[in-house]
Amino acid sequence: MTRHEYRWLAGGIAVLVAADWASKLWVLNRIPLGDTRAVVEGWLYFAHRQNTGVAFSMFADLPAFWGPLLLSAFSLIAIVLFVRMMRETPDPAGRGAMALVIAGAIGNLGDRLVTGSVTDFILVSFFPYVFNIADAVITVGGVVLVAYLLFGGRSAQSDPVSARS
34 MTRHEYRWLA GGIAVLVAAD WASKLWVLNR IPLGDTRAVV EGWLYFAHRQ
84 NTGVAFSMFA DLPAFWGPLL LSAFSLIAIV LFVRMMRETP DPAGRGAMAL
134 VIAGAIGNLG DRLVTGSVTD FILVSFFPYV FNIADAVITV GGVVLVAYLL
184 FGGRSAQSDP VSARS
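Per the numbering used here, residue 34 is the first one in the sequence shown, and the count goes up by one each step.
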């Protein structure tokens, strides 16, 4: 990865983390905990929730002290591993996907370190869970990463069909 590519990825991560934190701060200051406000009636709502767990509130029942500590430690380890993998991945699509996961993980880690939980607020009518920008970025990055791992990174030399042509 060139220094130029690294700067673009780092800048993209910073912009996504800033957008996530700014949106959470806006929700914390404007929507009381537990309230729901229609953005597009029948489809999109802002529903202020605090999630002490991870995705879909898994591990939310961990003890008050240990939960945030363990989940923060896990997030930090994941961020370090993804940064390392991102730097060693030759394909831009793979690096971009990992950058998205890193940005989302940093966004939620920062929230958890400051408040002890993660602020969720996006509710769409066709999905039963409330989420935030960091969650969406992690999900998109994860989907792109899976697609990259399944279908990406093939060259003519490694693909037996095109190598025979």
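Simulated from the structure, these hints should not be mistaken for laboratory data. There could be a bad hint or two in this list.
Claimed, not checked - Simulated restraints, written as ranges between beta carbons of each label pair:
hint	residue 1	residue 2	range
1	P65	R120	40 to 50 Å
2	Q83	G45	19 to 29 Å
3	V157	P123	34 to 44 Å
4	L182	G149	30 to 40 Å
5	W41	G67	32 to 42 Å
6	G149	A52	33 to 43 Å
7	P123	T69	39 to 49 Å
8	R117	A169	35 to 45 Å
9	R120	R70	38 to 48 Å
10	A180	L58	25 to 35 Å
11	W76	D124	17 to 27 Å
12	E74	L114	12 to 22 Å
13	G44	G67	15 to 25 Å
Note that beta-carbon positions come from the ideal geometry of N, C-alpha and C, so glycine has one too.
Failing hints, ascending? Hints 6, 8, 11, 12 and 13 contradicted; others consistent.
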